[in-house]
Amino acid sequence: MSALLEVKDLQVSFFTKDGEVKAVNNISWALDEGDILGIVGESGSGKSVSALTLLRLIPEPPGKILGGKVLFQGQDLLKLRPSQMHTVRGKQIAMIFQDPMTSLNPVMTIGNQIIEAMKVNLQLSNQKAWERTVEVLSRVGIPRAEERMRDYPHQFSGGMRQRVMIAMAISCRPKLLIADEPTTALDVTIQAQIVDLVKQLQRELNMAVIWITHDLGVIARLAKRVNVMYAGSIVEMGPIKRIFKKPSHPYTIGLLNSVPGMNFSKDVVLQFIEGSPPDLIRLPPGCAFAPRCPYMTDQCLVDKPNLELAEEDHWVACWQMDKVQSNTRSAL
Amino acid sequence: MIPYIIRRVFGILVMLLLLSLFTFTLSRVVPGGPWMQGNVEIPLPQEQVQLFKEKYGLDKPILFQYLVWLKNAALLDFGRPFSAPEITVTQMIAQVLPYSAIVGGLAALLAIFLGVILGILAAAYCNSWLDNLITSYAVIIGTIPSFVMGFVLVYFFAIKLSWFASGGWGDYRHLVLPIVAFGLPATGGVARWTRQCIAEAMSADYVRTAYAKGVRQAGVISRHVLRNSMIPMITSFLPLFPAMMTGSIFIEATFGLPGLGTYFVTSSMTRDYPLVLGITMFWAILISVTYLITDILYGIIDPRVRLENKK
Amino acid sequence: MTAGTVTPQSLAGNDLPSPVKYAGFWAGAWRRFRRNKLALYGFVYVVVILFVAISADWIAPYPYDKINPEDALQGPNRQHLMGVDMLGRDMLSRVIYGSRPMLLVGVVTQLAGLVIGVPLGIVAGYFGGIADWLVSRLIDLFSALPWYLIVLYMVMVLSPSLENLIVALTITSWVGSCRIVRGMSLSIREQDYIEAAQALGLPTRRILSNHILPQVAPLLLWSFAAGIPTAVFAEAGLSFIGMGVRPPSPSWGQMLGAAGQYWQYFPHMFIFPSLMITLSVLAFQGLADGLREAMDVNINV
Chain B
1 MSALLEVKDL QVSFFTKDGE VKAVNNISWA LDEGDILGIV GESGSGKSVS
51 ALTLLRLIPE PPGKILGGKV LFQGQDLLKL RPSQMHTVRG KQIAMIFQDP
101 MTSLNPVMTI GNQIIEAMKV NLQLSNQKAW ERTVEVLSRV GIPRAEERMR
151 DYPHQFSGGM RQRVMIAMAI SCRPKLLIAD EPTTALDVTI QAQIVDLVKQ
201 LQRELNMAVI WITHDLGVIA RLAKRVNVMY AGSIVEMGPI KRIFKKPSHP
251 YTIGLLNSVP GMNFSKDVVL QFIEGSPPDL IRLPPGCAFA PRCPYMTDQC
301 LVDKPNLELA EEDHWVACWQ MDKVQSNTRS AL
Chain S
1 MIPYIIRRVF GILVMLLLLS LFTFTLSRVV PGGPWMQGNV EIPLPQEQVQ
51 LFKEKYGLDK PILFQYLVWL KNAALLDFGR PFSAPEITVT QMIAQVLPYS
101 AIVGGLAALL AIFLGVILGI LAAAYCNSWL DNLITSYAVI IGTIPSFVMG
151 FVLVYFFAIK LSWFASGGWG DYRHLVLPIV AFGLPATGGV ARWTRQCIAE
201 AMSADYVRTA YAKGVRQAGV ISRHVLRNSM IPMITSFLPL FPAMMTGSIF
251 IEATFGLPGL GTYFVTSSMT RDYPLVLGIT MFWAILISVT YLITDILYGI
301 IDPRVRLENK K
Chain D
1 MTAGTVTPQS LAGNDLPSPV KYAGFWAGAW RRFRRNKLAL YGFVYVVVIL
51 FVAISADWIA PYPYDKINPE DALQGPNRQH LMGVDMLGRD MLSRVIYGSR
101 PMLLVGVVTQ LAGLVIGVPL GIVAGYFGGI ADWLVSRLID LFSALPWYLI
151 VLYMVMVLSP SLENLIVALT ITSWVGSCRI VRGMSLSIRE QDYIEAAQAL
201 GLPTRRILSN HILPQVAPLL LWSFAAGIPT AVFAEAGLSF IGMGVRPPSP
251 SWGQMLGAAG QYWQYFPHMF IFPSLMITLS VLAFQGLADG LREAMDVNIN
301 V
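Protein chains in written order, with the working numbering: chain B, 1 to 332; chain S, 1 to 311; chain D, 1 to 301.
Chain B on its own, in the form it takes in the complex (with noise of 0.2 Å):
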C-alpha cells in the first residue's frame, strides 16, 4: 500500500543573530495509511519543528526550510505555496498542541472555535455546524455537550481543554492528526484517557496519527512505529515491537535504561545518559550523539552514519550497531 505520508531529506533551520541553528537535519520517513507513528526524543531533537514543518507552521524568518519533500498522498506540499496550504489543514492533516489553555482563543467560545473548523473546511451551513459540534463534544468526552459549547477555555479542566481540542481536529476527519506533545501538561490519569481516547478514534476514523513526546510509556501504548530523533537526525527507527525487543543504538538504549521499571528495588541507581544535548549552531561533524556515547570511536567523531538496515524494516543510523546488538539484552 502506497504511504500516506513520505518525508524526504528534510531539512529546516533557523537563522538567529547567534548562527543557523540546524533544527532538522536530512531526515526521512514514511508513514501509511492508519498507521500511528510515535517520534521521541528530548527538547531540541527536532521532533516539533520536523511536524511543524509537515503543516508548513513555522515561522518563515527566521526559520527557513532548506531542502526535502513532503509528499502527502503523493503531492509534494513543500512546492504549495504558503496562502494554499489552508486547503489542506484541518482538512487533511490536523493538529494539536501541547498546551491547551494558550493554544485555544481564550475570548471565543469553544463552540464556535470548533464551528469554526468546519465552517473553513466543510462549507457546512450554521446548522448542521452546530449539529455536528456537539456530536462531536459528545464523542470525545464533554459531558452536557450542547450546554457547553457556549463556554469559553478558561471554564474547563486541562483534560477537558485538550479533549476539545481533540474534537476540533477531528472534527473534519483529517486522514492524518499530528499531536505535539499533548499530554506532557497534564496529570498521569488524565494523559491515559486522552491517549486511549486517541486509539479509540483513531480506530473508528481509520486516521493515522503522529504521536510526537518525550515520553516512552506513552509510546508504548498507543504507537506501532517509533522514530527515535537526536539532534536533529532520526537515529532509530523501526517497528515498536522490534525496536523495544532489540534496541539497537545507544541513545535508544539509554532512554529505556533510564525510565525506572515498576518493581525496581531501591538498590538500583537510576541511569542516566551522561552529558548534554549538543548545541544545535555548533554540530559536530560526526554523529552527534558521539561524545555521550560509550562506545563512540574515532571514526564516530567524524563521519556522520546513515541508517542502515539492523533487521528487516529495523534502522539503525550507528557505525557500532553490531557492538552495541550484541552487548545489550531485551528490553522486553
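Check each hint, because a few of them may be wrong.
Over 12 Å on every C-beta distance to chain D, these chain S residues come out as not near it, computed from the model [stated by the list, open to error]:
no.	residue
1	LYS60
2	ILE87
3	THR88
4	GLN91
5	GLN95
6	VAL176
7	SER203
8	ARG216
9	LEU238
10	ASP295
11	ILE300
Incomplete in silico selection of chain S near chain B, CB under 8 Å [unchecked claim]:
no.	residue
12	ALA204
13	TYR206
14	THR209
15	GLY214
16	GLY219
17	ARG223
18	ARG304
No lab work stands behind these hints: they were computed from the structure. For glycine and all other residues, C-beta sits at the position ideal for the given N, C-alpha and C.
Chains S and D: place on chain B using the hints.
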C-alpha cells in the same frame, strides 16, 4: 459585577475626600491668601484683610472651614469664586470647560486614530523597514513636548504660511494647531502600544492553532488577532480622553486659550480657594469615573473577567 | 541492562562545540544595551551634558545674567553662537547653564523618589498587613490625579522655585518605584526559596538584601531611568509657564516661556531651547528603553 462597582465607587469617594483634605489644608496652611497677586502680597490695610476673612469665614479654624466646605460639596455646591462672585464655581467651570474639552478630546481622538493605524501597520509588517520607520517615528515624536511642538507648528503654519491662527479662539483655524500640537506627540505612545498588543496576539499559540485548523489569514486576523488585542487596547485608550482634557495646561499657555488649566493656574496663584477646590474635584472625578468605566468595560468584553465575577 | 555507565573517554584535540561563555547578568545586559542605537545615543548624550553642566563656569563664553540691552535680539553670529535674547544675554551661555536645572531635576527627583519609594515598597510588599494597606492607600491618593496637576499645585502654593519643583516632583515620583518594589516583594515573598530561607532562620535583613534586592535592582534601575524624561519634561513645562526655575537663572523651558512674542520674529530664541529640551528627553527616553531591553525587564506589576 454590581458589588464590585459599589466597592469601587466607595473607594473613589474615599479618595476624593482625602484629596480634598490634602488640597484644602495645603492651600490654607501656606502663608498668604486671596489678596495675593501672583505670590506677591499686595499691601492691604489690616482691617480690609480682616473683613475679607470674616466674610468668607477664613478666620475660623481650618477644620471648621473644611467641614463647611465638605457639607456644601456633598450637595454639589462649590461656592463662588473670589474672583468672580457673581457666578458659582460650577457655572464657571462649565463656561471654561469647553475650551479644554474640545481641544483635549479632539487631540485624544487624533492620537488614537493616527496611532492605531500606524501601530497596525507596524505590527503587520513586523520587523520590516516599515516597522522600524514607524517605531522610530513613534519614539521621536513621543518625546517632543507638546508646547515645543506648538512652537514649531505655529512658526511654520501660522507665521510663515498664515494658514492657521497662532492663538485665540474662534473657528477651526484657531483649533487646528493646538489640537495637532497636543495630539501628535501622543500618537507615538498609542502607536507603540497598539503595535505591542497586536504583535503579542499575532504570536500567540491560538493563532497557530487557527492556522493549523485551516483558517486563512483574513479570518485569523479578524476573529483571533483583533478580538484579543482590542481588549488591552481599548482599556488603555479610554483614559487618554480625561488625561488630555485635564492636561492641556501647556497647550493653553502656548496658544492663549482660556481653558480649565489656565484657570487652575491663575486661581491657585491668587488663592481663589473655592475655584481651586472646585476644579481639583472636577478633574479627580472625571479621571476616576473614566477609570471605573474602563474597568467595567473590561469586565464586560473579556469573558475571563466577566465570568469570574459572576461566580 | 549493562550498557551505559561508562563515561566517555577524553576527547583531546577534537573540535567539540565550544561552550558559550557564561558572563553573568550585567555583562549580558551591557552587550544587549550596546546594540540599541538610540540607547547609545542617550548614553553618550548624558555623558556630554553632564560634562557641560559641571564645567559650565569654564566653558560658557559669557555670564548667563549679563544684560546688554544694546546687543539685544541678535541672531547667531560669531560673538554669540546662539544669538542673544531680548535682554541682551548670550543664548549659548544660558543654554549651557540651563543644563543644570534639567539634570538636577531629572536625577535628584528620581533618586529621592527611590529613597522614599523603595523602602516603603519593600515594607508594604514583604511585611504586608497594615503597612501594606497604608502604603497602598498612599499610592492610590497620589495616583488619583495626574502627576502634573499635583506638581503644579504644590509648586504654585509653595511658590515657584527650583527647590520646590524638586520637592513636588519627588513627591509624585516615589509612587512609581514603590509600586514596582511592592509588587515584586509580594510575589517573591510567596516563593519557596524565601520560605526556605526563613526556615533556615536567616534574619529578615539578610533575606531582603540577598534575595529581594538583587532581583528588584534591574527594575529599579529601569524605573529610575524611565522617570527622568518625565521629570525633564516637567521642569521644562513648568518653567515654561513660569512655575519653575525663576529668572535670571536660566532653564530651557523658562527661556521658551520668556521668549514671549519675540520668538516669532527671532526664531533663534525658540529653536535652541526647544532643541535642547527635545534632545534631552529623547536621550533619557532612549536610555530608559535601552535599559529595559538590555535587562529584559518585564514590568507587569
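So, going through the hints one by one against the coordinates:
Every C-beta of chain D lies more than 12 Å from that of LYS60/S, the closest at about 20 Å, which supports listing it as non-interface. A cut-off of 12 Å between C-beta atoms confirms that ILE87/S is not in contact with chain D; the least separation is 23 Å. At roughly 22 Å from the closest C-beta of chain D, the C-beta of THR88/S stays outside 12 Å, upholding its exclusion from the interface. Residue placement check: GLN91/S keeps its beta carbon more than 12 Å from all beta carbons of chain D (closest about 22 Å).
With a least CB separation of 20 Å from chain D, GLN95/S remains clear of the 12 Å interface cut-off, as annotated. Even its closest Cβ contact with chain D, about 18 Å, leaves VAL176/S beyond 12 Å, as expected for a residue assigned away from the interface. No beta-carbon of chain D is positioned within 12 Å of the beta-carbon of SER203/S; the least distance is around 16 Å. For ARG216/S, the shortest C-beta to C-beta distance to chain D comes to about 33 Å, beyond the 12 Å cut-off, and the non-interface label holds.
The claim that LEU238/S is not at the interface with chain D holds, since no C-beta of that chain comes within 12 Å of its own (minimum 15 Å). Consistency note on ASP295/S: stated as away from chain D, and its beta-carbon is indeed over 12 Å from all of that chain's, at 14 Å minimum. Taking the minimum C-beta to C-beta distance to chain D, about 23 Å, the non-interface status of ILE300/S holds against the 12 Å cut. Evaluation of the ALA204/S hint against chain B yields a held restraint, the C-beta minimum of about 7 Å falling below 8 Å.
Proximity of TYR206/S to chain B holds as hinted, the smallest CB-CB distance being about 4 Å (cut-off 8 Å). Given hint, THR209/S at the interface with chain B, holds; its Cβ is 5 Å from that chain's nearest Cβ, closer than 8 Å. Given hint, GLY214/S at the interface with chain B, holds; its Cβ is 3 Å from that chain's nearest Cβ, closer than 8 Å. About 7 Å separates the beta-carbon of GLY219/S from the nearest beta-carbon of chain B, less than 8 Å, and the hint is met.
Interface restraint check: ARG223/S against chain B, minimum CB-CB distance 7 Å, threshold 8 Å, status holds. Taking 8 Å as the C-beta cut-off, the interface hint given for ARG304/S holds, the closest approach to chain B being about 5 Å.
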